[in-house]
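Residue strings, one per chain:
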Amino acid sequence: MSRYLLFLFRIFRLSFQGSPRFLVWMAFLSVLSLIGLHAYAEQFVDGLQVTGMTNQVSWGAYIANFTFLVGVAAAAVMLVIPAYIYRNKHLHDVVIFGELMAIAVIIMCLLFVIVDLGHPERFMHMIPPWGTLNFPASILAWDVIVLNGYLLLNLHICGYLLYCYYRGIKPTRKFYIPFVFISIIWAISIHTVTAFLYVGLAGRPYWHNPIVAPRFLASAFTAGPALLVLTFQFVRTFTKHWIGNQAIHTLRQIMTVAMIINVFLLGCEVFTEFYAETVHVASAKYLYFGLHGFTGLVPWIWTAIVLDFIGLFLLVSPLSQRIGWLNLACIVSFIGIWIEKGMGLIIPGFVPTPLGDVVEYLPTLHETLICMGIWAFGILVYSWMLHVAIPIINGHLRDPETVSK
Amino acid sequence: MATEGKSGQESRPVEDVLQPMTRRTFLRGSAASLVGMAGVVAALKPLLELEAGELSMEELLQRHYKKLEVEDLHRIMKNLEGKCKREYGIRPQMQDLKPGEGVEFAYALNLSACIGCRKCAHACLAENNQSREDANDINMSYIRVLEMDKGAINVEESDHYYDSATVPQKDKYYMPVQCHQCRNAPCVKACPVEATWQENDGVVVVDYNWCIGCRYCMAACPYDARRFNYKKPTLESTQVNPNQNYLSNRVRPKGVVEKCTFCLQRTRAGRLPACLEVCPTGARIFGNILDPDSEINHILQNKRVYVLKEDVGTNPRFYYFFD
Amino acid sequence: MTMEGMRKQSTNRAKRGVILTLSALLMGASVLLWGESPSGSSGALDQDRHLDKNPVREEKGLELRKTGWTYDCMECHASLKAKWHLGDQLMEHRDLELNHGSNRFCLNCHHPENRNVFVDYDGSEIAEEDVVLLCGKCHGPQHRDWMKGAHGRRNGYWDVSRGESEKLACIQCHDPHDPAFKAMEPLAGPTYPARAAGKPEKKSHHEEGDSNHGD
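Chains as they are written, first to last, in the numbering used here: chain A, 1 to 405; chain B, 406 to 728; chain C, 729 to 943.
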């Protein structure tokens, strides 16, 4: 036990030590996080009136970011499948980076939900036996369970493996392999449950169709690996920890297939909405062409579609075998899917309202600062985790008792 | 061999990964921590402006309405009465009326009689203590009156903002929509903390001290019947209706969802809802659907009623008919 | 204290006692006579002052009686004969316009001999307070619906075991000589939320040429 505490203490000390570039980076992210915290404190006092949300559009940037990031968190364990199921040895080393990213991203998701609540201090109303969790009827109750479970799962796996590396002992298979396999299924479930949040609402025909959940997964498995590909190159450059090309190659293949499916499903959606023009097409019409003179989202969605197609073309063509083009593909895919899932999915579900009222939405400065703060905090957490995990993985940070043996 | 640290140094022995603690590093660390803590305090400064009594331990530890003892509920209601007096200048009489035996409410609306005057929407505000910026601000009213084109029942083409000189306009008809207290309510299913549920007389209520403000119920409602308090309600003391009920029209705090409760502070006392009592054409009919002699049963038996969005499967208690 | 002072003190005390007792009695009496019970009776305040429950034609109709107007029509019509058609009036009823659809004749409703009452099909009298029976002569379905609460507004209680369900008479909403329900000015509607993006420049959506009705 005391060795574990010493381990934690040494991690703590290591967190604040590093090159000047690292410290400046962390300070910068801390400042952004504090700005977001300040904006949130004002929101906590004044209420959600500081956001652009209204009775008509009652979910906005917070839930949009939450939905997108759940997908990224799910896809971060994409590497687990080839590594553990297909026994791809090259990937074993980098799987942990994906799982660490999943932890950081899930924390961001939970933060985005907390800032969206009208009464975050009442969160224990969800925890039995004090609270009442409306399980299994409420999909949001399911989401609370699976997201927190996913966080605990990844914390356990990464924590256990890193501690074993630190101690220089071989990890016992039964303490992590079953959890790794569970995490594969759990990763799919967190994103499916998040999709079902929307699919289950029969009053909003834009969401009430079966294609939402598959599209969620397809777009998540494009955006998540895209972020991982970019992150691995940051790790290569800034920490001199080498990540092999095999990992990036595998991720690229996953992204390509997922993007093809994503664009295909987009085509299915567009056909279903617009071929037989029912009254239910109103939300899609608002998104793609504008409705009753309101066109706020039209430039956004067309940009997203263009970006998606550029990404698809780059991924499918041999161009993306070159790292520069691959990076471009990752960036455009990530941004395109972020727009699609955020503005392209959440907001049109509320426009028009079920009674035909059209009210548009744009985030306010407060909302933007809070979103920025949470993103900065997530990147801060992930940078910190890499900063302490890489020395352990490399063997530089070791239990002094093991070293002396 | 890869190295740690961004300066691109060569591999260092493990003892050097963690720099030794010297006085210099300790002072530097303390200064940085102080700066960090100061930053956090500065970021949280707006919390000082929280109103006294807004976050009370008592309210935080309050249990779900269904688990409250009678004495607890009375104490809570007394506190809320005091809070209303402090914040809005009027001490209300708060009660907790229970559903009656053998009573199930239903509401019918005669679309041939409704002229779209919106008196119901305004009366709703006067009765239920919603937030309003001025006397004409009915955005938080639970009732939305839709001006519809004759020849179809298409809410997508409706106009909520009509302000013609007189109503009814010749080529339009008018359809007020409020919470239908659905028998298969999607909002009740959606709420993660069971802060909203259906009572025995059919009314779907919200425990405002339990709601966490996630607004999933608002996303779930097919009739756009719920409203959220994005801020603390603005209400003049002259606008406060002192006849209040814990689960319906007491003045809500910010950050919670509210909705039409069929005026249960009136209807559970045997009276008619406010929207019905002001309707100049008598387009609204309310009553106990379990009473075979009630007016509402006369409508259901003798008029051709339909429900809005029947295909969504909500099975509402609110019926529309043309006469 | 002197004897004088003590006597004064006890007198003052007695005076105070009397005053207090009298005030208490007065307050108790006033509560009984005029005040409401301290904590709500069944939870319903009887003055719905915040709700406008006036019927549409509040000045006309039966309220005239309440202002003390004796309104004996026979004062004039004992000598002036009743007419079937509405022609040129001399002094009274100049503002009358008969716009009752196919009901074109005065004597369809007004009794030819006794002008204080209305007339039934067989010539018998319908008293003024039974005016709904007069309307029901032709408007049977509405009358039947009105009896059952499906036509016209009810006020008061749905639970008639706890209070009355008050009906209105036909003429409290419908002018008997021009019964079509009058158009009203609508009250203020909702507004585009100030916080929301995309605020339309025009004040209301109900304008010519706007794309609200079809794309």
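Accuracy of the hints is not assured; some may be wrong.
[Said to hold, decoys possible] Computed list of lysine-lysine pairs in DSBU-like fashion (alpha-carbon distance at most 30 Å, straight line): (1) B:LYS577 x C:LYS876; (2) C:LYS809 x B:LYS555; (3) B:LYS575 x C:LYS809.
[What the hints assert, rightly or not] Beyond 10 Å from chain C on every Cβ pair, some chain A residues (computed): (4) MET53; (5) THR54; (6) GLN56; (7) VAL57; (8) ARG173; (9) PHE271; (10) PHE274; (11) PHE294; (12) GLY296; (13) PRO299; (14) GLY349; (15) VAL359; (16) TYR361; (17) THR364.
[Unchecked claim] Just so you have them, the derived chain B footprint on chain A, three or more residues with Cβ under 8 Å: (18) 105 to 119; (19) 153 to 165; (20) 255 to 264; (21) 302 to 310; (22) 374 to 384.
None of these hints come from the bench; they were simulated from the model. Using N, Cα and C, we set each Cβ at its ideal position, and we do this for glycine too.
Status of each hint after checking the structure:
This hinted pair checks out: LYS577 of chain B and LYS876 of chain C have alpha carbons roughly 28 Å apart, not beyond 30 Å. With a CA separation close to 48 Å, the supplied pair LYS809 of chain C and LYS555 of chain B exceeds the 30 Å bound. About 41 Å separates the Cα atoms of LYS575 of chain B and LYS809 of chain C, which puts this hinted pair outside 30 Å; it is violated. For MET53 of chain A, the requirement that its beta carbon stay farther than 10 Å from each beta carbon of chain C is not met, with the minimum near 8 Å.
Taking the minimum C-beta to C-beta distance to chain C, about 4 Å, the non-interface status of THR54 of chain A is violated against the 10 Å cut. Against the 10 Å criterion, GLN56 of chain A falls within the reach of chain C, whose nearest CB is about 7 Å from its own CB. With a least beta-carbon separation of about 7 Å from chain C, VAL57 of chain A fails to lie farther than 10 Å from that chain, contradicting its non-interface assignment. Consistency note on ARG173 of chain A: stated as away from chain C, and its beta-carbon is indeed over 10 Å from all of that chain's, at 54 Å minimum.
Distance check on PHE271 of chain A: its Cβ is at least 20 Å (rounded) from any Cβ of chain C, clearing the 10 Å threshold; non-interface status holds. Residue placement check: PHE274 of chain A keeps its beta carbon more than 10 Å from all beta carbons of chain C (closest about 13 Å). Distance to chain C contradicts PHE294 of chain A as a non-interface residue, since its nearest Cβ pair spans about 5 Å, not more than 10 Å. Residue placement check: GLY296 of chain A does not keep its beta carbon more than 10 Å from all beta carbons of chain C (closest about 5 Å).
The Cβ of PRO299 of chain A sits about 13 Å from the closest Cβ of chain C, beyond the 10 Å cut-off, so the non-interface label holds. With a minimum CB-CB distance of about 16 Å to chain C, GLY349 of chain A clears the 10 Å threshold, and the non-interface call stands. In this structure VAL359 of chain A is not separated from chain C by more than 10 Å, as the shortest Cβ-Cβ distance comes to only about 5 Å. Not every beta carbon of chain C lies more than 10 Å from that of TYR361 of chain A, the smallest distance being close to 6 Å; the non-interface claim is violated.
Listed as outside the interface, THR364 of chain A is inconsistent with that label: its C-beta sits roughly 8 Å from the nearest C-beta of chain C, within the 10 Å cut-off. With a cut-off of 8 Å between beta carbons, the region 105 to 119 of chain A has 5 residues touching chain B; three or more are needed, and the interface restraint holds. For the region 153 to 165 of chain A, the stated coverage by chain B is violated: 0 residues have a C-beta nearer than 8 Å to a C-beta of that chain, whereas at least 3 were required. Coverage of the region 255 to 264 of chain A by chain B is violated in this model, with 0 residues showing a Cβ closer than 8 Å to a Cβ of that chain against a need of three.
By the rule of at least three residues with a Cβ nearer than 8 Å to a Cβ of chain B, the coverage given for the region 302 to 310 of chain A is violated, with 0 such residues. By the rule of at least three residues with a Cβ nearer than 8 Å to a Cβ of chain B, the coverage given for the region 374 to 384 of chain A is violated, with 0 such residues.
Of the numbered hints stated above, those contradicted by the structure are hints 2, 3, 4, 5, 6, 7, 11, 12, 15, 16, 17, 19, 20, 21 and 22, listed in ascending order.
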